[in-house]
Amino acid sequence: MDNFKLYKGKLTIALSGELDHATAPPLRNEIDILLNKESYGQVIFDMSDLRFMDSTGVGLILGRYKLLKNKNKLLLIKSPQDAVDKVLRVSGIYSIIPRI
Amino acid sequence: MNEVRNMDSITITLKAMPVNESFARSLIAAYASRENPTINVISDIKTAISEAVTNAIIHGYNGDQEQDIYIKASIKEKVLRVSVSDRGTGIPNIIEAMNDFYTTRPSEERSGLGFTIMGSFMDTLEVNSNLGEGTTITMTKKLA
Ligand SMILES: Nc1ncnc2c1ncn2[C@@H]1O[C@H](COP(=O)(O)OP(=O)(O)OP(=O)(O)O)[C@@H](O)[C@H]1O
Ligand SMILES: [Mg+2]
Chain A
1 MDNFKLYKGK
11 LTIALSGELD
21 HATAPPLRNE
31 IDILLNKESY
41 GQVIFDMSDL
51 RFMDSTGVGL
61 ILGRYKLLKN
71 KNKLLLIKSP
81 QDAVDKVLRV
91 SGIYSIIPRI
Chain B
1001 MNEVRNMDSI
1011 TITLKAMPVN
1021 ESFARSLIAA
1031 YASRENPTIN
1041 VISDIKTAIS
1051 EAVTNAIIHG
1061 YNGDQEQDIY
1071 IKASIKEKVL
1081 RVSVSDRGTG
1091 IPNIIEAMND
1101 FYTTRPSEER
1111 SGLGFTIMGS
1121 FMDTLEVNSN
1131 LGEGTTITMT
1141 KKLA
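Sequence order for the protein chains is A and B.
As numbered in my numbering, residues 1 to 100 make up the first sequence, in order.
As numbered in my numbering, residues 1001 to 1144 make up the second sequence, in order.
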């Protein structure tokens, strides 16, 4: 994760590089620290700089979705590249997490 | 024998380390690129290889990084054929394991989509597994 910004209750977290089983653990940790620390109404995963993601990434996103759902917060996915978008589509994620 | 020897193929053995997931998918993508496939085809191959190698590491070997993963790839008539093998636990029930959302590791935020992705990103997917002996995933993809 390179950066995040909080604006008018929207917490945008930018994902970058490659998200797989090797890179997921530290990323998950960083995201969860942010989610616990900041106050926000909704969270946006900005995926425009994410080049690669596999099912491990789907697990990470669904895990954060569940966390946020328990807090009654919304999760959104923004601007995935084609390869990542295909993984998200095949996984059926868009039926619960809207893409903007 | 001659036919086998003349076939365009590569074989590699990798330790079951997470860092080898990106190495394996990049390597097979580089190998496939000799047929000038589209970016979408390369992306599909990378994702499928990543799934198979990750499964070998996590499920096959339960995270034991000293174990070996064997990858074979060949190209014949513009079709890539790639297999990923482990000599790990094996899969008790292959049909069940291949179901969408079936996972034996829900607590690790796994969602049981690896086989779903391999099956829909590649042209063919074959799973051979024997309990206590290991698992071989074989996939093909038309490159051009
Ligand atoms: N190489 C393997 N050795 C032993 N068991 C395996 C192997 N590959 C898959 N499995 C079994 O098949 C199940 C389904 O695999 P699949 O990749 O579809 O899902 P997952 O790995 O559990 O979750 P995800 O891939 O979505 O992170 C696994 O949970 C595991 O029980
Ligand atoms: Mg898997």
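One or more hints might be untrue.
Said to hold, decoys possible - One-sided excerpt, in silico: chain B residues whose CB lies under 8 Å from chain A: (1) A1030; (2) S1033; (3) R1034; (4) N1036; (5) S1107; (6) R1110; (7) T1116; (8) S1120; (9) D1123; (10) T1124; (11) V1127.
Calculated directly from the structure, the hints in this document are not laboratory data.
Note that the Cβ used here is the ideal one computed from N, Cα and C, for glycine as well.
Structure-based check of each hint:
At its closest, the beta carbon of A1030/B sits 15 Å from a beta carbon of chain A; the interface hint therefore is violated under the 8 Å criterion. The restraint placing S1033/B at the interface with chain A is violated, with a minimum CB-CB distance near 15 Å, outside the 8 Å limit. A hinted interface residue such as R1034/B counts as satisfied when its beta carbon comes closer than 8 Å to some beta carbon of chain A; here the least separation is about 20 Å, so the hint is violated. Look at N1036/B: its Cβ only gets to about 18 Å from chain A, farther than 8 Å, so that hint breaks.
Interface restraint check for S1107/B: the shortest CB-CB distance to chain A comes to about 11 Å, outside 8 Å, so the restraint is violated. For R1110/B, the shortest C-beta to C-beta distance to chain A is roughly 5 Å, which falls under 8 Å, so the interface hint holds. A least Cβ separation of about 7 Å between T1116/B and chain A falls short of the 8 Å threshold, and the interface hint therefore holds. The restraint placing S1120/B at the interface with chain A holds, with a minimum CB-CB distance near 5 Å, inside the 8 Å limit.
For D1123/B, the interface hint is violated, since its Cβ never comes within 8 Å of a Cβ in chain A; the closest pair sits about 15 Å apart. This hint is violated: T1124/B has a C-beta 17 Å from the nearest C-beta of chain A, more than the 8 Å allowed. Taking 8 Å as the C-beta cut-off, the interface hint given for V1127/B is violated, the closest approach to chain A being about 16 Å.
Of the numbered hints listed earlier, those contradicted by the structure are 1, 2, 3, 4, 5, 9, 10 and 11.
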